[in-house]
Structure formats: C-alpha cells, structure tokens
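Undergrad: If you want the building blocks of each chain, they are given just below.
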Amino acid sequence: MHERAERLVGSLVTADLELEREFEARLSDSSRLAFRVAYSVLRQREDAEDVAQEAFAKAYRSFNQLRDRTRFRAWLVRMTWRLALDRQRASRRHSRRLVEAGLLARLDQSDETTADVVVARERAEHLWNAIEALPEKLRLVVVLAGIEGHDMHEVSALLDVPEGTVKSRLFLARKQLKDRLSWMASSLR
Amino acid sequence: MDGELAEMNEKALEREIEAALGVDPSPEFLPQVRARIANERMREGWFWSASWRWAGVVVVTAAVATIGVWVLRDPAPALSEAHVRDSGFGTRGSGAESRDLGLGTAAAKPESPLSSAPNPIPAVRHVHAESRAAVAVPFEVVIAPDEAAALKQLFTAIGSRQLETFALPDLQAALKPPAPIEEIVLEPITISPLAALEGE
Chain G
1 MHERAERLVG SLVTADLELE REFEARLSDS SRLAFRVAYS VLRQREDAED
51 VAQEAFAKAY RSFNQLRDRT RFRAWLVRMT WRLALDRQRA SRRHSRRLVE
101 AGLLARLDQS DETTADVVVA RERAEHLWNA IEALPEKLRL VVVLAGIEGH
151 DMHEVSALLD VPEGTVKSRL FLARKQLKDR LSWMASSLR
Chain V
190 MDGELAEMNE KALEREIEAA LGVDPSPEFL PQVRARIANE RMREGWFWSA
240 SWRWAGVVVV TAAVATIGVW VLRDPAPALS EAHVRDSGFG TRGSGAESRD
290 LGLGTAAAKP ESPLSSAPNP IPAVRHVHAE SRAAVAVPFE VVIAPDEAAA
340 LKQLFTAIGS RQLETFALPD LQAALKPPAP IEEIVLEPIT ISPLAALEGE
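Protein sequence lines, in the order shown, are assigned to chains G and V. Per the numbering used here, residue 1 is the first one in the first sequence, and the count goes up by one each step. Per the numbering used here, residue 190 is the first one in the second sequence, and the count goes up by one each step.
Please keep in mind that the hints were generated in silico from the structure rather than gathered at the bench. Please read all numbers here as calculations on a predicted model, not as lab measurements. Hints are supplied without guarantee of correctness; some may be wrong.
Said to hold, decoys possible - Distance windows between CB atoms, simulated:
id, chain 1, residue 1, chain 2, residue 2, range
1, V, D213, G, S91, 41 to 49 Å
2, G, E22, V, A254, 26 to 34 Å
3, V, S215, G, L85, 16 to 24 Å
4, G, V118, V, N228, 36 to 44 Å
5, V, A254, G, E136, 19 to 27 Å
6, V, A251, G, S91, 16 to 24 Å
7, V, A254, G, S91, 46 to 54 Å
8, V, R225, G, E136, 22 to 30 Å
9, G, L172, V, W243, 50 to 58 Å
10, G, E22, V, N228, 18 to 26 Å
11, G, E22, V, T255, 20 to 28 Å
12, G, P135, V, T250, 22 to 30 Å
Stated by the list, open to error - DSS-like cross-link-like pairs, simulated, lysine-lysine; straight-line CA separation at most 30 Å:
id, chain 1, residue 1, chain 2, residue 2
13, G, K137, V, K341
14, V, K200, G, K175
15, G, K178, V, K200
16, V, K365, V, K341
17, G, K167, V, K341
18, G, K137, G, K175
Using N, Cα and C, we set each Cβ at its ideal position, and we do this for glycine too.
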C-alpha cells in the first residue's frame with residue numbers, strides 16, 4: 001500500500017517535471033512568435049513584451065489542460081492576439097505612435113540620410129495604418145504570413161482554418177493593402 | 190508588363206510587411222518570461238500549501254467540535270442513576286472491584302430520599318453522582334465494603350418484608366429540613382456611667 005502510494009507520488013512528480021520541461025521547450029520555441037503577434041497589434045516593444053509575457057503565464061496555467069500539445073503555437077497565437085487587442089482597446093495611447101524599434105534601429109545603422117529615414121518612417125507608418133484598418137481575420141493572416149516566413153500551410157495550422165481559406169484571405173488582405181497604399185506601391189518599385 | 194509590375198509590387202509589399210514585423214524582443218524578454226513562470230509556479234505551490242494548511246485547520250476544528258459535542262452529549266447519569274459501590278476499604282484487600290448494590294433510584298434523590306423507597310435510609314454510600322454540573326466537580330460518598338454488604342442485606346430484608354418499617358418515620362422526621370430560624374431581635378444596650386467616676 002505504502003509502496004503503491006510512493007510510486008503514485010513519484011509518477012506525479014515525474015509527470016510534473018516532464019510538463020515543465022515541455023513547457024520550457026515550447027517557450028523557447030515560441031517566444032519570438034508571441035512577441036511579434038503582440039507587436040503587430042500594439043507596435044510598442046514594452047507593451048508587446050508585457051502582453052506576450054501575460055500570454056505565456058496564461059498558457060503555463062492551462063498547459064496541462066491542453067490535450068494536443070502540437071497545437072501549442074496556434075493556441076498561443078490566439079491567446080496573444082486576444083490579449084493584445086484587449087490591451088490596445090484599454091490604452092488609447094497608441095493613437096499617434098511613431099514606428100520604433102527594429103525598423104528605426106536598422107535605419108539608424110544604415111548610411112541613409114535623414115530624408116531617407118523620414119520617408120521610410122512615414123512609409124512604415126502608412127503601412128501599419130493600412131494593416132490596422134484591415135478586418136481582424138485578414139489582419140491576422142497578413143501578420144502571421146509576415147512573421148518568420150510562415151507559408152500557407154503553417155498559417156493554416158496556426159489559425160486552424162483550411163489552406164484555401166488562408167489563401168483567399170491573404171489575397172483579399174493584400175489587395176486591400178495595395179489599394180490603401182497605392183501611392184506607396186509606385187515608390188516601392 | 191502590368192503583371193510583372195503587379196508581382197513586383199506584391200513582393201515589395203511582402204518585404205515591407207516582413208520588415209515592419211521583423212522586430213525582435215529585447216534580450217531581457219525571455220528571462221523575464223521565465224521569472225514570471227517561476228512566480229506562477231511559486232504561487233501555485235503557495236496555493237497548495239495554503240490549501241493544506243486550511244485543510245489542517247478544518248480537520249482540527251472538526252475534531253475539537255466532535256469531541257466537544259460528544260462530551261456534552263454523553264448521557265451523564267443523573268442522580269437517579271447513581272449507584273452505590275464498595276469503597277474498597279477494609280478487610281477485602283484492595284477492593285478495586287466495584288459492585289452495584291442495586292439501591293435503585295430513590296435512594297439517591299436528593300430532594301426526597303425517603304419518599305418512595307421502602308427503607309430510605311440515606312445510607313452511607315459510594316455514589317457516583319455524575320450530572321452535567323457534577324462532571325466538573327465529582328461527588329462521591331465512600332463507605333466500607335462491610336457496611337455496603339450490611340446495607341445490601343438490610344435492603345434485601347426490607348424488600349422481602351422480613352423487616353418492619355414502621356419505626357422509620359422517626360428517622361424520617363430527623364431528616365426533615367430544620368425549621369426556619371426565627372429572627373433574633375437585639376435590643377439596644379444602654380451603658381450607664383459609673384458613679385465612682387462621676388464623683389471624681
């Protein structure tokens with residue numbers, strides 16, 4: 001009886017450790033994805049990090065309830081997206097935001113002139129506004145397709161929708177973006 | 190030509206979007222997430238330890254309550270259930286063995302010990318008078334075993350009508366509560382001055 005109890009406790013501890021290890025692996029694998037999804041909504045590094053952190057904490061709390069662990073990334077993306085939208089709604093600070101972080105850092109490091117930097121910044125700002133103006137479903141497809149070079153198959157897995165749907169949504173999204181950025185399109189050539 | 194242009198635009202747009210989204214988190218991000226997870230883990234651990242603590246408190250409280258109820262509800266034998274036992278003194282060695290002498294209920298009733306028993310001698314008895322109040326202050330009368338045996342014989346004899354009980358009313362009268370004490374009236378004492386002293 002005692003041995004059986006010990007074995008049970010031992011197996012529970014082992015299961016816990018395995019769960020921890022698995023979560024750690026998922027965390028390392030998906031941290032950038034969560035951050036970028038949050039960033040695509042919030043466009044502020046600190047806010048995006050906060051939201052991604054919150055999403056991971058939530059994921060950790062419910063990790064043992066996730067039956068299909070291979071769906072972790074999709075689950076995390078949805079959670080992060082929702083949290084980011086909530087944060088965006090809650091804080092109206094993003095009304096007039098400068099495009100910061102990576103793009104600007106890259107521009108600063110390059111040999112481009114101040115005028116080039118200003119143009120690039122303006123272009124990025126327009127692009128973000130155009131993305132933000134997209135319907136939520138199209139927006140998420142564009143964002144996921146633009147992150148880490150995801151192809152259609154990966155996006156469809158992340159969104160849990162058929163590839164055909166992803167394809168059509170992406171087509172629609174790009175069309176709308178191009179329409180909005182028509183002036184930019186000519187300069188992109 | 191237009192198609193090529195459109196494709197170029199598409200590619201350029203893709204690149205532009207990728208560039209806009211190609212922002213990496215700060216190097217502190219991952220350690221911060223790990224710290225947060227560790228915090229969650231600790232909170233979870235605290236929750237469990239707190240749960241166990243609460244469970245312990247509940248169990249102890251329940252145990253105390255159960256014992257309390259059990260003690261209070263223990264059918265404390267009223268004086269009517271009191272019984273006479275050997276004291277264990279005297280010639281029969283240790284006398285640890287107790288015997289119920291079967292005095293019945295009336296013998297132990299305090300208010301009228303003689304009213305219903307045929308021979309209600311408020312005998313020298315070994316009584317365990319365990320009432321609720323008496324639980325705290327136990328009350329017992331100790332008698333010698335030979336006296337207890339004598340009492341038993343006496344009651345048996347009375348029960349089998351070998352003894353007449355007509356002489357007992359005297360005893361009954363002796364056991365009646367005393368008449369209320371009359372109030373003592375103290376008359377004031379007047380002390381007259383001594384004549385000799387007056388002359389001086």
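Undergrad: Does each hint hold? Answer for all of them.
TA: Verification of the hints:
| no. | hint | in the structure |
| --- | --- | --- |
| 1 | D213(V) / S91(G): 41 to 49 Å | 23 Å, violated |
| 2 | E22(G) / A254(V): 26 to 34 Å | 45 Å, violated |
| 3 | S215(V) / L85(G): 16 to 24 Å | 22 Å, holds |
| 4 | V118(G) / N228(V): 36 to 44 Å | 43 Å, holds |
| 5 | A254(V) / E136(G): 19 to 27 Å | 57 Å, violated |
| 6 | A251(V) / S91(G): 16 to 24 Å | 49 Å, violated |
| 7 | A254(V) / S91(G): 46 to 54 Å | 52 Å, holds |
| 8 | R225(V) / E136(G): 22 to 30 Å | 27 Å, holds |
| 9 | L172(G) / W243(V): 50 to 58 Å | 55 Å, holds |
| 10 | E22(G) / N228(V): 18 to 26 Å | 19 Å, holds |
| 11 | E22(G) / T255(V): 20 to 28 Å | 45 Å, violated |
| 12 | P135(G) / T250(V): 22 to 30 Å | 58 Å, violated |
| 13 | K137(G) / K341(V) | 102 Å, violated |
| 14 | K200(V) / K175(G) | 13 Å, holds |
| 15 | K178(G) / K200(V) | 11 Å, holds |
| 16 | K365(V) / K341(V) | 24 Å, holds |
| 17 | K167(G) / K341(V) | 109 Å, violated |
| 18 | K137(G) / K175(G) | 14 Å, holds |
Hint check: violations occur at hints 1, 2, 5, 6, 11, 12, 13 and 17; the rest are consistent with the structure.
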